[in-house]
Every structure is written in structure tokens, then in C-alpha cells.
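Line by line, the protein sequences are chains A and B. Counting from 1, one number per residue, gives the positions in the first sequence under my numbering. Counting from 1, one number per residue, gives the positions in the second sequence under my numbering.
These aren't lab readings, by the way, just hints derived from the structure by calculation. Predicted, not measured: the structure shown is a model, and the values here were computed from it. Hints may be right or wrong, so weigh each one.
Taking CB as the label site, the calculated pair distances span [to be verified]:
| no. | chain 1 | residue 1 | chain 2 | residue 2 | range |
| --- | --- | --- | --- | --- | --- |
| 1 | A | F67 | B | P208 | 19 to 27 Å |
| 2 | B | W186 | A | E61 | 43 to 51 Å |
| 3 | B | W186 | A | K12 | 44 to 52 Å |
| 4 | B | K139 | A | R105 | 47 to 55 Å |
| 5 | A | K90 | B | V28 | 48 to 56 Å |
| 6 | B | P19 | A | L32 | 24 to 32 Å |
| 7 | B | K106 | A | K90 | 33 to 41 Å |
| 8 | B | K202 | A | F107 | 43 to 51 Å |
| 9 | A | K12 | B | I168 | 30 to 38 Å |
| 10 | B | R120 | A | K106 | 34 to 42 Å |
| 11 | B | R118 | A | R85 | 37 to 45 Å |
| 12 | B | W186 | A | K55 | 42 to 50 Å |
| 13 | B | G239 | A | P104 | 23 to 31 Å |
| 14 | B | G160 | A | E78 | 18 to 26 Å |
A virtual CB, placed ideally from N, CA and C, is assigned to each residue, including glycine.
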Amino acid sequence: MPEFLTWKDRRKVESFRRIGEDLILGQVTIELDQCTGCGSCVNACPAASLEVKDKKAKMTEVFPMCFSCGNCTAICPENAITITRFIEFKRFYRYLDRGEPQRPRKF
Amino acid sequence: MAELAIETEELEKPKIRPPEPGADFNLVEDVIYRRRSNRSYLKKQVPEYLLRRILEAGRFAPSAGNAQPWKFIVVQDQKMIAEMTQDVVKVCQMGKRFLDYLEPGKAALEGLTKVVQRLRKNEMHPIPLGAMFLIAEGKLGVWHGAPTVIPILVDRRAPGKPFVDVGIAGQNMVLTAHSLGLGTCWVSFIQPLEYFPKWRKKLGLRYPYKLVTSIALGYPKGNPDGYVNRETQAIDWFGEDGTFKVVY
């Protein structure tokens, strides 16, 4: 069945104050053993959600507005980064008709 | 059974033979799947012949009624890019001042911000809104040090949906650039420059032209291109035999 917004959804815009409820941010996991702290992921991130601390990359603690674009996973020379959570809007901006994430597929 | 659109004879001697099921990606597909937005560039300037090659790909994009409703501008003047960046940052700072309800003591702004979001639901979507705050704070660049910026204008009098045509032309250029080993990033944060009479004059933003977006272009630092995971999307499929299915 196609998805639509309910009237209740349409009345409410997601609040940055309700992260985790209205708005679930993306998340990446960094294999610390493989990370060399080169910082290329920090430059690639469109949301300034990554930083290098103690020669290891990590997500910022304050407001990492990650929208799971995957730029960091693609640029990492050590392949140390994977997306572990995709961004989700729960109200007005809810993404519709999405399925499981996958790589480019061959048919 | 419906009549075949092509004669059988033509099917036997095609110019390009479609691949068998499960075959590898061809070169075009591979460029499409590997293209990632690039946000750090080498200082080295893109030579004119490569840039001309890229712009040429834009020229041959499909458009409604072959109206070609775009105008490309090439900016390689580093001083000008710096000035444009400064002015975009200024607008973002102003926006942040009025809209950032996360700042201490500004919680009361939340209602206003949400009204603005509903009125300008695309520009003020939480993602660009967040980016606006980051640019204002200097945490996120605008053109990320790209040596070349290509602002794109649309001719608003064109038939059909000129904004779509402009997007198609832009993507032609972006894919060509990536196939040549260059990096690009779509930057629509150029739009606030419309508010400055100085830029209206310099970029020729007079009717019928409107500034839509821009492309940052340069040699990438490292290897930003590669495959990523991405959500699949529901595709409604009305089959030949009257069946209906949803594929992902």
C-alpha cells in the first residue's frame, strides 16, 4: 500500500529539540582499529558530523545532523566506516515509500 | 499481443546490443553509481579544455521543446569565489540569528521558525536549515575550496518545467566531470546571492533569468567516489498483463 501523510503528521514540523523522537538522525560506525585519523571523512561530511579526536574519527557529540549520505564510507581509504542508521523524519517531512538500504544492484 | 514497436530485422542488428541479465555495469552506469559529492579539492585549477568538455555535455541535455532554458556561468576568479562565500555566510548568519531556537535563551523562536518552515518548506527543510546554522558558525564551507564554480541560471519563460531541464543539463555536466576524474558538488546555497544588488548586476540576474543552483568543480583530494548503501524505493509497477506489483 502506498504511504501518505496523516493530517496529524501534516500539522507538525519536526523539532530539533526532539531528536530521537520526531527526528532520528543518521549514524555511522567507525572501526577504530582500522581508522588512521587521516580526517578525509571529516572533510567529506556535508553535515559537519565527524571530527578527529585522539587521532581517531568519531561523530560529534553535539547535534550530529547526519543524513546518512555515505560520503564518509566512500572516501575512507581504510574502509573503516559503515552506515548503521539511516535518517528518519517522523512527522511532516517523513520519507515515504522507502525500502531496505542496498548497494547498487545488478539485474 | 501488442505489435512490436521495432521490426524484427532491426532487433537483430542493433547498434548497441543490450547486455544479458546479471552483466556487469557498463562505464556510464559505473560513473553514475560511483559519483559522490566532493567536499575537498586540490588547489590546482581545472584546465580550460576539460571545462569546455564538461560544458559541452550540458549543452546537449534534453529540454522541453529543445528550448535549452539554462545559462551557465564559469567563475574561476578565486577572489570572486571568496567574496561570494562571504556573502552567503552573511545571509546564513542573519538566518541563524532569527531562526536558531537551539541557542540558549532563544527557545521562544521555535514557533516562528516552524511557521517559516511551513511557508518555505523546501528551503527551510531541517537539513538545509541545519546546514545554514553550520555555515553561519563556520563549520561547513560553501564551495569547499573548489577552484571553479559554475552558477546555473534558468530562463523562466521556457516551455514546460524549465527547472527540471536545468537539473538535467547540470547532471550531464556532473557525470561528465566524474568520468574525467574530476570532483563536483551541487551547491544551491548560492541562491541567497540574489538578495545582493551587487551580485544581481555581476551575475546578470535580471528577468527572465533566475539563479537556481551552482556546481563546485575541481580535482578531488583523495578518492571520494565509490559505492554506498542507499535506501531502496517503492516502485509501482503496472504489468503488461494487467497485474500490479510493487518492486524495491
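Going down the list of hints, with the structure as the test:
no.	hint	result
1	A/F67 x B/P208: 19 to 27 Å	violated, 34 Å
2	B/W186 x A/E61: 43 to 51 Å	violated, 29 Å
3	B/W186 x A/K12: 44 to 52 Å	violated, 29 Å
4	B/K139 x A/R105: 47 to 55 Å	violated, 35 Å
5	A/K90 x B/V28: 48 to 56 Å	violated, 38 Å
6	B/P19 x A/L32: 24 to 32 Å	violated, 41 Å
7	B/K106 x A/K90: 33 to 41 Å	violated, 24 Å
8	B/K202 x A/F107: 43 to 51 Å	holds, 48 Å
9	A/K12 x B/I168: 30 to 38 Å	holds, 35 Å
10	B/R120 x A/K106: 34 to 42 Å	holds, 41 Å
11	B/R118 x A/R85: 37 to 45 Å	violated, 27 Å
12	B/W186 x A/K55: 42 to 50 Å	violated, 32 Å
13	B/G239 x A/P104: 23 to 31 Å	holds, 25 Å
14	B/G160 x A/E78: 18 to 26 Å	violated, 47 Å
Hint violations for this structure: numbers 1, 2, 3, 4, 5, 6, 7, 11, 12, 14, all remaining hints satisfied.
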